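*Asks:* Sequence:
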Amino acid sequence: MPPSTRDSLLLSAARLFHEQGYGSTAISTILREANVNSGSLYHFFPSKESLVAGVLEWYRANLRPIVMDPIEQQTSDPIGRVFALLAWYRSGLEVTGCKLGCPIGNLALELADNHPDVRQLTDENFVNWVKAVKQWLDDAGDRLPPTVDRMELSQMVLNTMEGGIMQARARGELAPFDAAVRQLRNYFDYLERDAREHKGATR
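For any residue, its number in this note's numbering is found by taking its place in the sequence shown, counting from 1, and adding 651.
Because the hints were derived from the structure by calculation, they are not lab data. Where hints are given, some of them may not hold.
So the derived label-pair ranges between C-beta atoms look like this [said to hold, decoys possible]:
(1) Trp739 with Met802: 20 to 26 Å
(2) Ala821 with Gln786: 15 to 21 Å
(3) Arg836 with Pro767: 34 to 40 Å
(4) Arg801 with Glu848: 14 to 20 Å
(5) Met802 with Tyr693: 38 to 44 Å
(6) Arg715 with Ala738: 34 to 40 Å
(7) Met802 with Glu708: 19 to 25 Å
(8) Arg836 with Pro797: 20 to 26 Å
(9) Asn688 with Glu824: 41 to 47 Å
(10) Asp720 with Met802: 57 to 63 Å
(11) Arg770 with Thr747: 22 to 28 Å
(12) Tyr693 with Thr747: 28 to 34 Å
Owing to the predicted nature of the structure, the values given are computational and were not obtained by experimental measurement. No residue lacks a Cβ here, since even glycine has one placed at the ideal position from N, Cα and C.
Let the hints inform the model, and build the full structure from the sequences given.
*Replies:* Spelled out as structure tokens, the structure:
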């Protein structure tokens, strides 16, 4: 089933904002890519800012079906899912030669200071992402120590991903991303060892 006019606009805008940035993407380019006339665009999105807001709402609504559900189908191991997710972002860096970052992170950097509504939507996307990762960490149960704040640990996973992507783009190679993920993996290994020792001490 072909996408609706509104979805065509959102998908085209999302791709172009990701590849070119918000400021460098002209409305005329979006119309051409979506094969939609300007009247249809302004029927759904009265302004360019409302269009980018729609894109961010689309990202938020589709995080689970497009990103999280496929990761969960790859592995049933909740901690393994965290690193499968990071590997998914790495593959995106690899296929683009480290030229494109996280689409939400890119929009946050470009627009957050001067567009408060957009800033709120980017933050909501990040919170949604962190909560999805936290669910996996909750599912890990006693594999992690009881003292670990799983929401903060999920935030650390996001920071590793976003920071690793930014540095990989700046350097033009995957090494910074890989180093960040490797250190996160070491930290999770430490937490799992600590949890095993805690269980042994309380028996």
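*Asks:* Please go over all the hints and tell whether each is borne out by the structure.
*Replies:* Verification of the hints:
no. : hint                           : in the structure
1   : Trp739 with Met802: 20 to 26 Å : holds (22 Å)
2   : Ala821 with Gln786: 15 to 21 Å : violated (32 Å)
3   : Arg836 with Pro767: 34 to 40 Å : holds (37 Å)
4   : Arg801 with Glu848: 14 to 20 Å : holds (19 Å)
5   : Met802 with Tyr693: 38 to 44 Å : holds (40 Å)
6   : Arg715 with Ala738: 34 to 40 Å : violated (18 Å)
7   : Met802 with Glu708: 19 to 25 Å : holds (23 Å)
8   : Arg836 with Pro797: 20 to 26 Å : holds (21 Å)
9   : Asn688 with Glu824: 41 to 47 Å : holds (43 Å)
10  : Asp720 with Met802: 57 to 63 Å : violated (22 Å)
11  : Arg770 with Thr747: 22 to 28 Å : holds (25 Å)
12  : Tyr693 with Thr747: 28 to 34 Å : holds (32 Å)
Consistency note: the structure conflicts with the earlier hints numbered 2, 6 and 10.
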